[in-house]
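Trainee: Read off the chains here:
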Amino acid sequence: MVASGPFDFDLCSRNAYLESKGVKPPRLTKTGTTIVGLIFKDGVVLGADTRSTSDTTVADKNCEKIHFIAPNIYCCGAGTAADTENVTGMVSSALELHRYATDRESRVVTAMTMLKSHLFRYQGHVSAALVLGGVDLRGPHLFTVYPHGSTDSLPYATMGSGSLNAMAVFEEGYKEGLDRMGAVKLVARAIRSGIFNDLGSGSNVDVCVITRGKVDYMRNYEYLMDKTVARETPVVYPPGTAPVLKEKRWKINSTRPSEAAAGGSAEAMDVS
Amino acid sequence: MLPVPTSHSPALGPGCAGPSLAYASASTRSDIAPPSAQQPCCGSEPFMVDPSAAAGLGLRRHTDTPYVTGTSVLGITYKDGVMLAADTLGSYGSTKRYKSFERLAKVNDATVLGAGGELSDFQYIQTLLDELATEDYCADDGMQLTPREVYAYLSRVLYNRRNKFDPLWNSLVVGGLEGGVPFLGTVGMIGVHYTDKHIATGFGQMLARPLFRERHRPDMSEEEATELLHDALRVCYYRDKQTTNKFQIAKVTAEGVSVSEAFALETQWGYQAFVNPAANALGTW
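So the sequences go chain by chain: D and U.
For the first sequence, the working numbering puts the final residue at 272, and the numbers step up evenly by one.
For the second sequence, the working numbering puts the final residue at 557, and the numbers step up evenly by one.
These aren't lab readings, by the way, just hints derived from the structure by calculation.
Keep in mind that a hint or two might mislead.
[As the list claims (entries may be wrong)] In silico DSS-like links for lysine-lysine, alpha-carbon gap of 30 Å or less: (1) Lys61/D / Lys214/D; (2) Lys513/U / Lys175/D; (3) Lys185/D / Lys469/U; (4) Lys518/U / Lys175/D; (5) Lys175/D / Lys214/D; (6) Lys175/D / Lys41/D; (7) Lys351/U / Lys378/U; (8) Lys214/D / Lys185/D; (9) Lys61/D / Lys185/D; (10) Lys513/U / Lys185/D; (11) Lys469/U / Lys351/U; (12) Lys518/U / Lys469/U.
Okay, chain D solo, but in the shape it has when bound (with noise of 0.2 Å):
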């Protein structure tokens, strides 16, 4: 996991060359994003819209913003969609090698670490801005992880483009002692506010309940896409609605192609 060596910028002289040249660069999935945590009583609670953006087109109507990191912390990601899936999955994936290594449950400063100097190497340009939330021996923590690898560790934080708008919401309705109801109305309240605020957020609402020994992972927490026309399929037609004219039977013969043709009972399909 920790990268052996200095920084290497030998893609960068090439990328410039293929832009000097006229080459395009590929055009990223960014998550315009409202994504939010909060310390609660018994833990933590992150919640995430569901809207994924390319410029102007919603890429993805409902896609999954709060990812797993370990079976006791989850982490919401803001920025470019390809950073965060990757840097979370990386993330994940050696939590679970070192867990293997220490027979212990993991700790979310460790996730928090490994993220935190993962981006600093790449000095801001894996664009992820992340929420990182999790219960573990310590109690519950909460963290912010930005691109160029800065963290802050705080009892309520949004990130992405909606954060000012659940930012609002959160600083207004914040209360110490929140209760797991309180929490999870409050954290839904600050998606909403940034789905109906801000043109970069949008769709449903996802929560993610976080307590010592136990996750709550609520998909689609608040459906707020549905269609307001249902269309019924399919449509089921009483017999007797067309009123028969005429009426005319055939008989067809109706043995297996392959018994047809083997002339003898089917074969079973040749897998080998």
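For chain D, the structure is supplied; the task is to place chain U on it using the hints.
Mentor: Below, chain U without anything else, positioned relative to chain D:
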């Protein structure tokens, strides 16, 4: 003696400079044809490049960056009228230069104006509106500008200046009672303008608007409206770096306009969870 045009002479258009600003105009230049029946001149020359700039001297500069700035202005309509709110800070870059600058101004008995952005341009706009109010006073017919008229006038001034690439660098909020009905409108520095039941400019767009959309109703009582504004101002103070904890609220009701005294809001900095959040996370802050 040629009459000296005022700053909003109907011949030149609102907010435009007269010949007094070293700009050779038809009234002082002899080579430009005077208006005739075939070629009537409405008083203003067709758009032309400033001669001094065309001569390569480049003496005339236009506003391309603001200096002393104000931050967001918030406004909501409620049962009895309209309330505007703003803090009293004039920032000079990242310095808190003027801590008691009143960014909410009474225009007349039915209208109040709030501004963010370049505060010298706001003072100039106040001068323009004063001239209009003086004309009304001299007419002595008991009529005064309605809030919608002030809003329309300001949108024309700002758009006109933007077309000359010399904008008045402001985000304005006009609030008042238009025939007993609450009116609230905003005009931006490029001339974009709209009216709504609640308005927020600057950072307030991101921080206050979600709260307004959740909680605002046109038939709110004064207490509810004040509480909503206080909550929105508090969030703006927490999360906008260019603010101070010193606010004013301007109220327009049937009784008239009142701009409150400056007040501070209660803020909560002592959450236990913030005391040592990094106790178990060495290296973070």
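Trainee: Determine for every hint whether it applies to the structure shown.
Mentor: Cross-check of the supplied hints:
{"no.": "1", "hint": "Lys61/D / Lys214/D", "result": "holds (28 Å)"}
{"no.": "2", "hint": "Lys513/U / Lys175/D", "result": "holds (23 Å)"}
{"no.": "3", "hint": "Lys185/D / Lys469/U", "result": "holds (27 Å)"}
{"no.": "4", "hint": "Lys518/U / Lys175/D", "result": "holds (24 Å)"}
{"no.": "5", "hint": "Lys175/D / Lys214/D", "result": "holds (24 Å)"}
{"no.": "6", "hint": "Lys175/D / Lys41/D", "result": "holds (11 Å)"}
{"no.": "7", "hint": "Lys351/U / Lys378/U", "result": "holds (20 Å)"}
{"no.": "8", "hint": "Lys214/D / Lys185/D", "result": "holds (19 Å)"}
{"no.": "9", "hint": "Lys61/D / Lys185/D", "result": "holds (23 Å)"}
{"no.": "10", "hint": "Lys513/U / Lys185/D", "result": "holds (28 Å)"}
{"no.": "11", "hint": "Lys469/U / Lys351/U", "result": "holds (11 Å)"}
{"no.": "12", "hint": "Lys518/U / Lys469/U", "result": "holds (25 Å)"}
Every hint from the earlier list agrees with this structure, and none is contradicted.
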